[in-house]
Amino acid sequence: MTRPAPGQAPLLDVDALLDDRSVQIVVCCGSGGVGKTTVSAALALRAAERGRHAVVLTIDPARRLAQSMGIEQLDNTPRPVAGVDATNGGSLDAMMLDMKRTFDEVVESQASPEKARQILDNPFYQALSSSFAGTQEYMAMEKLGQIYRDSQGTYDLIVVDTPPSRSALDFLDAPERLSSFLDGRFIRLLLVPARGPARFMTAGLGIVTGALTKVLGAQVLRDVQTFVAAFDTLFGGFRQRAQQTFRLLQADGTAFLVVAAPEPDAMREAAYFVERLSDDAMPLAGLVVNRAGQRPLGGVTPEEASSAAAKLVKSLGREDPGMTDSTQGPLAAGLLRLYADRSRQVAREAVLRSRFAAAHPQVPTAVVPALAGDVHDLDGLRRVGVLLGGQDEDTRRETG
Amino acid sequence: MPPDFPGVRLHVVTGKGGTGKSTVAAALALALAGPGKNVLLCEVEGRQGIARMFDVDPLPYAERRLATGLVGEHGERGGVVHALHIDPESALLEYLSMYYKLGPAGRALDRFGVIEFATTIAPGVRDVLLTGKVYEAVKRNARNRGAIEYDAVVLDAPPTGRIAQFLGVTSELAGLAKVGPIKTQSDNVTRLLRSDRTAVHLVTVLEEMPVQETVDGIADLRAHDLPVGGVVVNMVRPQVLDQKSLTEVRKDEVDRAAIAADLKHAGLEADELLLDGLVAEARDHAERQALEDAQRKVVAGLGLPTYELPRLADGIDSGALHELAALLRDQGLA
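Chains as they are written, first to last, in the UniProt record's numbering: chain A, 1 to 400; chain B, 1 to 334.
Each hint should be verified, as a subset may be incorrect.
List time: in silico DMTMM-like cross-link candidates among lysine to aspartate or glutamate, alpha-carbon distance up to 20 Å [as the list claims (entries may be wrong)]:
hint : chain 1 : residue 1 : chain 2 : residue 2
1    : B       : Lys251    : B       : Glu292
2    : B       : Lys183    : A       : Asp223
3    : A       : Lys115    : A       : Glu105
4    : B       : Lys297    : B       : Glu207
5    : A       : Lys311    : B       : Asp242
6    : A       : Lys311    : B       : Asp271
7    : B       : Lys251    : B       : Asp293
8    : B       : Lys244    : B       : Asp284
9    : A       : Lys100    : A       : Asp121
10   : B       : Lys297    : B       : Asp242
11   : A       : Lys115    : A       : Asp104
12   : B       : Lys297    : B       : Glu208
13   : A       : Lys100    : B       : Asp317
14   : A       : Lys115    : A       : Asp19
15   : A       : Lys311    : B       : Glu269
16   : A       : Lys115    : A       : Asp232
17   : B       : Lys183    : B       : Asp293
18   : B       : Lys37     : B       : Glu149
19   : B       : Lys244    : B       : Asp293
20   : A       : Lys314    : B       : Glu269
21   : B       : Lys297    : A       : Asp374
22   : B       : Lys251    : B       : Asp284
23   : B       : Lys297    : B       : Asp216
24   : B       : Lys139    : B       : Asp187
25   : A       : Lys100    : A       : Glu72
26   : B       : Lys264    : A       : Glu303
27   : B       : Lys264    : A       : Glu304
28   : B       : Lys139    : B       : Asp216
29   : A       : Lys314    : B       : Asp242
30   : B       : Lys244    : B       : Glu287
No wet-lab data here; the hints were simulated from the structure.
Taking the hints into account, I'd like the entire structure generated from these sequences.
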């Protein structure tokens, strides 16, 4: 393979990735609003129709897309998707993540029924499991780990859509954050009263619990303490699972795809993702630039098109004799303006991508042209899949 | 045009990711900062988006003069937009020192990881700290010596999917804490957020998912008794073709020979490829236009005041923000 010119990214061969049996997990990450869910579903469908036994774990699909995949009800279990072409021997299941339920399931699997009940009923746990910043990210990864462990023989490819986080890679931090929290002095502090002996109450601790009581009120602190005491024995299991999942993500069988839209903000986020994944030694497969503009046919520059449009508008205005036999003047001018706008858009996007490629020359890139309509059924996903898979020099030329 | 939300002191701006809610929040702050007005623009998601849009250094946890507001209708100099980047750690420490005079206990809290616990792990506390700081800025009055009194506060809030939880968390937390100062504080914040001094505006683009999320977000806000303001439809495409042309394009009835003649007249030699390119672009445009029109109907059906902002091809800078601000004011949002 020849080295691409500076500012030109190597091509990401999506079909080769999906056909590679050693790839067992594909994680799609990216900022909100770039079409991550659609890309994940399209990848999984394409893989299935190329012969993989795939399952796609989505976070928050558009209602119509969820309906067309048969996953509009949240039951936290993968369900077969109807209408998948099984000619090549593949299959597709899909599920939508129920964060609280996943958390509950982990607790239930780790504790005795009695203890589990005690935890699930704790007001602090209830708030934690539904609103802790990062819970959704963490639970997405937990569910991935679960499906991976339980699925040997059922699935050979898991595609995961990640939550549109404020800090985009929260799901990578979540296990570690949980671990450090569980190992932290604060937990020890909370456990002190539950375990009794007053001699551990050093002066520092006294001040801290005093302050906490003052701020939170004694009852919240008690809820937290009860929760921590009940949860204490589960911490080890939680941490172990979190670390397992983290290692699973780092393993060779995992491929991360960063999804971005060709806009300055989304590309900046994408650059951050790429760097962050490299820092954490996560196997990055490439960048998907979604919904890219396509260079219109005809090879006219935007300047030429604009100036021709302006000329037409001018002749229309003064009823140029040359225009009298035509009623198409306004339409022709409109077409030229649309053409010019599109060419400019493609040029701007090309600049963004080439800057990205200059800064991250090692990241293979797939460019997916935008569809005019919304994607909300399998046919739409299939079309996106073709665009994802069909990365060749032609697509690239057309998208600048 | 008289503004649609004259009594509102706190404008909360939310929207699905990618719809440009931060841009709209910034433009709204500029629009509200008419002559003689002081406006505070707050961000709470740690992204330093404000600094980037206005091309200034990253913002600290302190109110900074950011920009001059929109010029008045008779050319008077605009007011002042201040900016504040709220991070939960600083907000917690400030809160503790303000209300509890904790002294050494404050440092001990930090040493024991309590600050980290409260701001990252304890459910809802993070959000309460963020809204609590906003509350403080809104409620300020002449008694707060040295602090700026704002005519309006604009909050660039978390996305639509999280907004009701973010704003409603105070009541959730109040439920968790049945007595005590946190309860009092969150009750106060909840009272402001649910009052007619607050309006939550939703930003969308004319695509199916963002519009659906807007519809869901409104239902969610109402379920939490939070006051829904207006809908800002952002990045609207220009109407390039008239209805007659759009119909021709959709029906594939474009008279290619006539177009070719027009192009020739305008000095462009039209070959088949160029005609194909032109017609394909037009068809794409017509299809998008039809989708946008369908979504525009859904938005209109919400029965809320609606504002439209154009798609700006060349990105967002301070000039573009002023342009958008003027459009918002002309349409009555500010």
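Hinted pair Lys264 (chain B) and Glu303 (chain A), Cα distance within 20 Å: holds, 16 Å
Restraint status (C-alpha distance of Lys251 (chain B) to Asp293 (chain B) at most 20 Å): holds, 17 Å
Satisfaction of hint between Asp242 (chain B) and Lys297 (chain B), Cα-Cα up to 20 Å: Holds: Lys297 (chain B) and Asp242 (chain B) sit about 18 Å apart, inside 20 Å.
Straight-line alpha-carbon gap Lys251 (chain B) to Asp284 (chain B), limit 20 Å: holds, 13 Å
Agreement of Lys264 (chain B) and Glu304 (chain A) with the hint, judged by alpha carbon distance not exceeding 20 Å: holds, 12 Å
Pair hint Lys100 (chain A) and Asp317 (chain B), alpha-carbon separation not exceeding 20 Å: Violated - the C-alpha atoms of Asp317 (chain B) and Lys100 (chain A) are around 41 Å apart, more than 20 Å.
Hint consistency between Lys139 (chain B) and Asp187 (chain B) [alpha-carbon to alpha-carbon, up to 20 Å]: Cα-Cα ~14 Å, so holds.
Proposed proximity, Asp19 (chain A) with Lys115 (chain A) (alpha carbon, max 20 Å): Roughly 45 Å between the alpha carbons, so the hint for Lys115 (chain A) and Asp19 (chain A) is violated.
20 Å limit on alpha-carbon distance, applied to hinted pair Lys183 (chain B) and Asp293 (chain B): Given that 20 Å is the threshold and the Cα spacing comes to 46 Å, the pair is violated.
Pair hint Lys311 (chain A) and Asp242 (chain B), alpha-carbon separation not exceeding 20 Å: The given pair, whose Cα atoms are some 19 Å apart, holds under the 20 Å limit.
20 Å limit on alpha-carbon distance, applied to hinted pair Lys311 (chain A) and Asp271 (chain B): The given pair, whose Cα atoms are some 19 Å apart, holds under the 20 Å limit.
Hinted pair Lys251 (chain B) and Glu292 (chain B), Cα distance within 20 Å: With Cα atoms ~18 Å apart, Lys251 (chain B) and Glu292 (chain B) stay inside 20 Å; holds.
Hints 13, 14, 17, 28 from the list above are not met by this structure, while the remaining hints are.
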